[in-house]
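Please construct the entire structure, taking both the sequences and the accompanying hints into account.
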Amino acid sequence: MFVAAAIAGALLYGQHCASCHGADLRGSVNAPSIRGAGAAQVDFWVGTGRMPAALPWVEEGHRRTPFTREQIDALIAYVTSVQPGGAAIPVVLPGGDPRRGRTLFEQNCEHCHGAYAQGASIGSSEWAPSLRDASRVQLAEAVRIGPGQMPPFAEQQLGGRDLDDVAAYVESLDAGADRPLVPLTSSGPVPEGLLGWLAVGLLIVFAFGYSRSSR
Amino acid sequence: MIVRRVGRFFDERLGSDAWIRAACAKIYPDHWSFYLGEFALYSFVLLVATGIWLTFIFQPTAGGAFDSVAGVTRATPVAYLMRQVHHWSAVVFVAAILVHMARIFFTAAFRKPREINWVVGISMLILASLTGFTGYSLPDDALSGTGLRIANSVLLSLPLVGGWGAALLNGGSYPGPELIPHLYTIHAYFLPVTIGALLALHLALLTYQKHTQFVPDPARVVGRRFWPDYALRTLAAFFATVAVTLILASAIEINPVADYGRYHDWTIPNPAVPDWYAAWLEGALRLGPALELRIAGHPIPAVFWPGVVLPGLVIALLVAWPWIDKRISRDDAATDVLAPATTAPWRVGVGAALIAAGLVLTLAASDDQQARALHVDVRALVNLYRGLFAFGTIAAGIAAAAIARELRVRYDERGHEAERVVALRRNAEGGFDEEETKPA
Chain U
1 MFVAAAIAGA
11 LLYGQHCASC
21 HGADLRGSVN
31 APSIRGAGAA
41 QVDFWVGTGR
51 MPAALPWVEE
61 GHRRTPFTRE
71 QIDALIAYVT
81 SVQPGGAAIP
91 VVLPGGDPRR
101 GRTLFEQNCE
111 HCHGAYAQGA
121 SIGSSEWAPS
131 LRDASRVQLA
141 EAVRIGPGQM
151 PPFAEQQLGG
161 RDLDDVAAYV
171 ESLDAGADRP
181 LVPLTSSGPV
191 PEGLLGWLAV
201 GLLIVFAFGY
211 SRSSR
Chain P
1 MIVRRVGRFF
11 DERLGSDAWI
21 RAACAKIYPD
31 HWSFYLGEFA
41 LYSFVLLVAT
51 GIWLTFIFQP
61 TAGGAFDSVA
71 GVTRATPVAY
81 LMRQVHHWSA
91 VVFVAAILVH
101 MARIFFTAAF
111 RKPREINWVV
121 GISMLILASL
131 TGFTGYSLPD
141 DALSGTGLRI
151 ANSVLLSLPL
161 VGGWGAALLN
171 GGSYPGPELI
181 PHLYTIHAYF
191 LPVTIGALLA
201 LHLALLTYQK
211 HTQFVPDPAR
221 VVGRRFWPDY
231 ALRTLAAFFA
241 TVAVTLILAS
251 AIEINPVADY
261 GRYHDWTIPN
271 PAVPDWYAAW
281 LEGALRLGPA
291 LELRIAGHPI
301 PAVFWPGVVL
311 PGLVIALLVA
321 WPWIDKRISR
331 DDAATDVLAP
341 ATTAPWRVGV
351 GAALIAAGLV
361 LTLAASDDQQ
371 ARALHVDVRA
381 LVNLYRGLFA
391 FGTIAAGIAA
401 AAIARELRVR
411 YDERGHEAER
421 VVALRRNAEG
431 GFDEEETKPA
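Top to bottom, those sequences are chains U and P. Taking this note's numbering, I'd label the letters of the first sequence as residues 1 to 215. Taking this note's numbering, I'd label the letters of the second sequence as residues 1 to 440.
Calculated directly from the structure, the hints in this document are not laboratory data. Just so you know, nobody snuck in bad clues.
Going by beta-carbon spacing under 8 Å, a handful of chain P positions derived as facing chain U: (1) Leu36; (2) Ala70; (3) Arg74; (4) Pro77; (5) Ala96; (6) Ala240; (7) Leu248; (8) Ser250; (9) Glu253; (10) Asn255; (11) Ala258; (12) Arg262; (13) Asp275; (14) Ala279; (15) Ser366.
If you're wondering where the values come from, they're calculated on a predicted model, not measured in any experiment. A virtual CB, placed ideally from N, CA and C, is assigned to each residue, including glycine.
This is the structure in structure tokens:
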């Protein structure tokens with residue numbers, strides 16, 4: 001069973017991944033080595049649609065994965081058969097306490113992902129994405145493996161129950177409710193002040209033109 | 001018909017016809033610069049109207065404030081619009097006050113007998129900035145919490161009373177449980193009511209003392225009657241203010257606190273700046289020297305000089321300006337006639353220097369962002385702004401005064417030419433002949 005999946009996975013790997021990660025999984029100029037990547041790694045990177053990347057070193061956000069569940073399992077089987085190890089896919093349970101989850105979220109995640117998990121800038125050109133699209137399993141995987149700029153959290157820091165609570169809090173946030181009604185979001189008081197003065201400038205032009213035109 | 005009946009009802013009881021007639025006949029000057037104060041007035045109207053709505057939503061408690069503001073989203077569109085308009089009007093309000101004040105300053109409208117109204121105006125400017133700052137602090141988000149922490153340090157730097165004042169405001173040490181409730185009372189009741197009272201006084205004095213005018217004839221009052229003329233014009237100014245504010249409010253989400261996140265005293269968002277009218281104080285703190293003095297055993301923290309002494313001096317200068325101006329111009333006569341800016345180049349110089357100083361300090365408040373955008377060392381930028389503050393402001397003042405003097409000379413030379421009225425008459429060949437006439 002496992003062997004059959006691994007063979008199917010090897011085919012998929014050769015087709016979709018080898019060009020970047022190399023036939024031996026050791027990586028290339030295009031991508032890092034994924035030798036020793038565990039099931040959680042592969043499941044997260046492929047399941048969130050980040051992999052296969054379209055272009056090397058261009059970061060992908062959460063997308064629909066082109067693979068079926070069986071194909072992802074086959075890829076996992078193949079990658080872990082080349083070099084066993086790595087984190088297994090975490091086990092998550094339904095339910096959880098959103099209020100406790102909120103406290104944990106505030107302490108561990110908010111400063112990157114934003115108070116409402118809506119996604120936020122984390123300096124230079126990095127962006128911590130919105131958590132709306134991730135499934136419970138993917139959330140737990142992200143926490144354990146720490147993709148990209150995100151730090152991994154060990155079991156002692158955030159236990160399995162803690163993750164269920166965090167997931168319950170994220171799910172409790174009404175999807176779409178925090179998106180603004182207006183097209184643009186201000187990037188801070190500096191542009192706000194400039195625009196305020198522009199508005200007053202417009203008003204001055206209005207006053208000038210108005211008192212002239214009606215003479 | 002109904003209007004007449006209502007009018008009669010009030011007239012029979014209050015004798016209101018006489019003063020309504022007087023009010024309708026009041027004459028308003030017809031010059032674009034007289035609309036500037038009205039823009040500020042109408043922004044205030046918008047602020048009060050939307051602010052009342054926001055008091056229904058806002059939870060003035062240490063734990064509930066952030067959620068009650070960040071919860072104003074797509075799901076609550078009316079409250080969302082109210083909050084947008086409220087914050088944008090605040091940004092426009094203070095800017096409108098400043099341009100209005102610049103008009104008063106440069107045309108010397110503050111001269112006797114209007115010194116009191118100048119002081120009332122300055123008081124409103126200070127209170128408006130304070131209202132803005134306290135309002136910006138209410139959502140308890142990471143950005144404004146950082147501003148509050150700075151304000152708290154400035155408060156603590158006050159000798160003798162600082163620690164006591166901060167403890168009172170916070171209900172403990174910063175950020176205390178009483179901080180948000182106290183700010184709320186100050187922002188939503190004390191300050192707006194005080195501004196409202198001062199505004200009434202401002203307008204009452206204006207009506208009683210009459211407007212100033214450019215027409216250099218003290219015996220005549222020139223302008224348009226309130227009814228039917230000026231009432232419609234001021235309504236247009238009102239709608240212009242509303243329109244501009246609504247455009248901003250419906251295009252750009254201001255102060256996205258949900259993105260900034262809740263305030264925790266262990267995090268500081270980066271970059272952090274206050275709203276623009278408080279930025280000059282932040283800039284002063286960034287440029288201020290690292291000077292720790294001890295006076296009679298009391299430590300005076302470095303923030304005391306830029307955070308307390310500098311704004312104190314600026315306020316003192318502004319309040320005292322009508323009297324300083326009298327000293328310089330040796331002119332203490334009561335007048336209703338405005339002085340075009342060019343008649344007193346030294347005043348133009350002082351005004352330009354003050355504006356330049358404010359501009360440099362305001363720019364310095366975001367020096368970190370500029371350094372990053374321009375790829376320069378932030379310390380170089382700090383030193384540049386220090387230099388500009390010390391010398392650039394003086395240079396700007398001198399340059400502005402020189403330009404004003406030059407303009408006056410040119411104006412004087414052309415003065416008599418302007419008297420000449422020229423009329424053209426078409427001649428038989430299809431060209432034009434000049435026909436000289438006497439001035440009307």
